[in-house]
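K.L.:
Add chain B to chain A, keeping to what the hints say.
2 protein chains.
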Amino acid sequence: MSDVPYKTYLPENDIPTSWYNLRADMKNKPAPLLNPATRQPCTADELGHVFCEELVQQELDNDTKFFPIPKEISDFYKMYRPSPLVRAYFLEKALGTPAHIYYKFEGNNTSGSHKLNSSIAQAYYAKKQGLKGVTTETGAGQWGTALSMACAFFGLDCKVFMVKCSYEQKPFRREVMRTYGADVTPSPSDTTDVGRRILAEHPGTTGSLGCAISEAVEYAVKHEGYRYVLGSVLNQVLLHQSIIGLEAHRAFERLGVKPDVIIGCAGGGSNLGGLIAPFMGEKLRGEKDYRIVAVEPASCPSFTRGVFAYDFCDTGRICPLAKMYTLGADFIPSANHAGGLRFHGMSTILSQLYHDKMMEAVSVEQTAVFEAAEFFARTEGTLPAPESSHAIRAAIDEALRCKREGIEENIFFGLTGTGYFDLVAYQKYNDRTMTDQIPTDDELAVPRAKLP
Amino acid sequence: MSDVPYKTYLPENDIPTSWYNLRADMKNKPAPLLNPATRQPCTADELGHVFCEELVQQELDNDTKFFPIPKEISDFYKMYRPSPLVRAYFLEKALGTPAHIYYKFEGNNTSGSHKLNSSIAQAYYAKKQGLKGVTTETGAGQWGTALSMACAFFGLDCKVFMVKCSYEQKPFRREVMRTYGADVTPSPSDTTDVGRRILAEHPGTTGSLGCAISEAVEYAVKHEGYRYVLGSVLNQVLLHQSIIGLEAHRAFERLGVKPDVIIGCAGGGSNLGGLIAPFMGEKLRGEKDYRIVAVEPASCPSFTRGVFAYDFCDTGRICPLAKMYTLGADFIPSANHAGGLRFHGMSTILSQLYHDKMMEAVSVEQTAVFEAAEFFARTEGTLPAPESSHAIRAAIDEALRCKREGIEENIFFGLTGTGYFDLVAYQKYNDRTMTDQIPTDDELAVPRAKLP
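Protein chains in written order, with this note's numbering: chain A, 19 to 470; chain B, 19 to 470.
Just chain A, with the same shape it has in the complex:
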């Protein structure tokens, strides 16, 4: 073993004090959001009906490179940040690989994931604007939990629309949010127009992120003093999540190590976009080169089997259109797919970068993901979230490639969170009743045919 410690924590006074806006270094900027009625780029005024004012500014700003982190947010960050950069010595040994494996672990907070990095920022701006509360959707529950914690901290009302199948399968997720004072409604519900419409069209539906987004947006727009907040996809979210990559970048500098390949799981892109931000910046500026790999579930393969086109972000088609890799706003991944990473589209920033061949993408099957998760739990101790385990799978595959080729690369991946609330999925894996759910070409063609 080398001189690199198992875990590297930045000192508190070295935690980054600004977020990094990757768009500032992109030559090809991400395409703007379009107003669904006019098909013209959304103005700040239009977005301000849905989102908090300062967040709209962050959303639309493609030029400002650094946004200072307000003191209230950086104080909150100090409760659970810096997160450790971990050298996976035990995993390396168990794989017998010459590769050096590193991961940035974002699960050491009660929300169990990186989502808290953005929820506390969004809650802060909502509070600053004098709002009563915020609404959101949650699928696996990580984002809803993170937002509940943030709202409890700032004394904001928090209204969460939770995808119905998750609501039923994860009563404890619901209970954590309740402990933090949030109001949690299974979606689709009869409390919104769009929910009632979806229920009428698809009786017995177990819901989808796209439905829950529509309901949360409608509630925010129709209630005085409320705005909608979102845990992924948006530019502002990737901006907040850049704290992950910035910390990791500084930690690697302290260690004198340069990662060769950087791997992150990708659903809407919140973790991946944050993790890779400063490294991608160097790559865009031509300063350093890295292989950057997005890992997505084979059951929801936006990058690897989607199309790059304008599409709706929600099933109810009331949200702006985004140009992104998409499977079609009507695509709903199999209910058998565990955990998150269920969004039909992808961050416009990451979509543009992928289109420009600045990064790669792979899709992995669910049982292979849980095989990696169990292996990781037993060797590295931490029980990973299913989402994070997509990155683990890809990192292990890269480490085994290094073993075959006899080369010592530095592999770096994002371990976004813990799997404490995913034990129904682990049980299915342990019982060998888990299956892979890969959509056929026909199943993908139908929702894509409805692209606007």
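By construction, these hints were calculated from the structure, which means they are not laboratory data. Treat the hints with care, since some could be wrong.
Which copy is meant is left open, so a pair is good if it fits within one copy or across any two.
Here are the simulated DSS-like cross-link-like pairs (lysine-lysine), alpha carbons at most 27 Å apart as the crow flies [unchecked claim]: (1) K306 <-> K375; (2) K83 <-> K96; (3) K182 <-> K446; (4) K341 <-> K83; (5) K96 <-> K111; (6) K96 <-> K25; (7) K111 <-> K145; (8) K111 <-> K150; (9) K188 <-> K446; (10) K111 <-> K146; (11) K468 <-> K341; (12) K25 <-> K47; (13) K146 <-> K306; (14) K146 <-> K468.
Remember, it's a predicted structure, so these values are computed and weren't measured experimentally.
P.N.:
Chain B only, in chain A's frame:
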């Protein structure tokens, strides 16, 4: 806010390399374990049938002050240690107290508690002795999870007898252990003589720690290549857990801070004994003075309402007798009592120290504990385990006393773990269906009347 950072992590090379044996500094040594047949002090040979050899040496050694931590264990520690010493700035602010509140957080590992500190040590010595596997009992499930992780790491078979009511109420705890390869049996079971006897005498019993201990010991004694391991009460466990206090002590030295009052929850004493070890050592040696406070549930009040006497550690009466504060080996706390801290007795070390008036003890009621837990979750972010929340309750009460008296004390408590697997209890609290279960004098008198 002062110069003290929110979180203090020791550098990896400053993690203690030896465990500290508090008994070496005790003038009045803890009373020896007695053989239940002969009522004579247990010999190493006798204990060697039940426990691993090196652990027996640690158990019986009242004189060696420091035990070097083997490299295999200290490497494993580096996966999740050092744990942070946290300054609870947000809690102080929310309470409006002049007190400075610190806590040592042991929940940042998948077992969710401090128990891993001893399980990895015990698994290591079992492996070194060439054993096939180990058996144990678990109540709330923290210890069973920690032992499962440790056994997976060293490739040992792990047989866990889980108190039946926990087994049924906490399927996810069971599933985590299964993910780590452990075999989990609800106790009492029909797989052991003592289990069958208890089932015949108490049909429909939901089990107790005392029953599960008896079953685990019987299984170990009757199966070649197995030994029994225990997560609390024993001297060896407090020895391993001294890592908590040693790290905290060094961190306080770095900060130039001296705690005035040190608070830990107490069930069998594993956390409390480890947390206070170096501080109590200073107190015993007359170097420094600290108030040291044990916090126990009003529903299982060994210190505050028990007697100091020799008693059985298990319901089946097959284990050695220990001189301790006890409610009687037949005492079973109310099934409504959430979480751990359900053992009828207490560490002999801590019992002796309490008897010698070196520490205080308070008991707290369950609803007051959950009130503190929720308050803490909302202010400090972390969802605490019910066990840990006993210490939070007492720390808050001390901080409020400081507020009333207008004095700035340094309050230090152990936050032993997280509450991810305790959400049924949180739900009861949220629904206001949780009750306090305080045994009457008569209810305590009956089991105590059967003391040997």
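K.L.:
Confirm or reject each hint.
P.N.:
Hints, verified against the model:
With identical chains, the CA atoms of K306 and K375 are at most 27 Å apart within one copy only, with a shortest distance of 16 Å there and 64 Å across copies. Taking the shortest Cα distances, K83 and K96 sit within 27 Å of each other inside one copy (23 Å), while across copies they are farther apart (37 Å). Within a single copy, K182 and K446 get their C-alpha atoms as close as 20 Å, and across copies as close as 22 Å, so both meet the 27 Å cut-off. In this homomeric assembly, K341 and K83 come within 27 Å of each other (Cα to Cα) only inside a single copy, at 22 Å, whereas the closest approach across copies is 67 Å.
In this homomeric assembly, K96 and K111 come within 27 Å of each other (Cα to Cα) only across copies, at 15 Å, whereas the closest approach inside a single copy is 33 Å. Both within a single protomer and between protomers do K96 and K25 lie at most 27 Å apart by alpha-carbon distance, with minima of 17 Å and 7 Å respectively. Taking the closest pair of Cα atoms, K111 and K145 come within 27 Å of each other only across two copies (19 Å); inside a single copy the shortest separation is 48 Å, beyond that limit. For the homomeric pair K111 and K150, the shortest alpha-carbon distance between copies (23 Å) is at most 27 Å, but the shortest distance inside one copy (52 Å) is not.
Taking the closest pair of Cα atoms, K188 and K446 come within 27 Å of each other both inside a single copy (14 Å) and across two copies (16 Å). In the homo-oligomer, the alpha carbons of K111 and K146 lie at most 27 Å apart only across protomers (20 Å), although the nearest pairing inside one protomer, at 49 Å, exceeds that limit. For a Cα distance limit of 27 Å, the shortest separation of K468 from K341 inside one copy, 15 Å, qualifies, whereas the shortest one across copies, 76 Å, does not. In this assembly of identical chains, the alpha carbons of K25 and K47 never lie at most 27 Å apart, being 36 Å within a copy and 39 Å across copies at closest.
Taking the shortest Cα distances, K146 and K306 never come within 27 Å of each other, neither inside one copy (39 Å) nor across copies (47 Å). With identical chains, the CA atoms of K146 and K468 are never at most 27 Å apart, being 40 Å at best within one copy and 64 Å at best between copies.
Going down the numbered hints, you'll see the structure goes against 12, 13 and 14, while the others check out.
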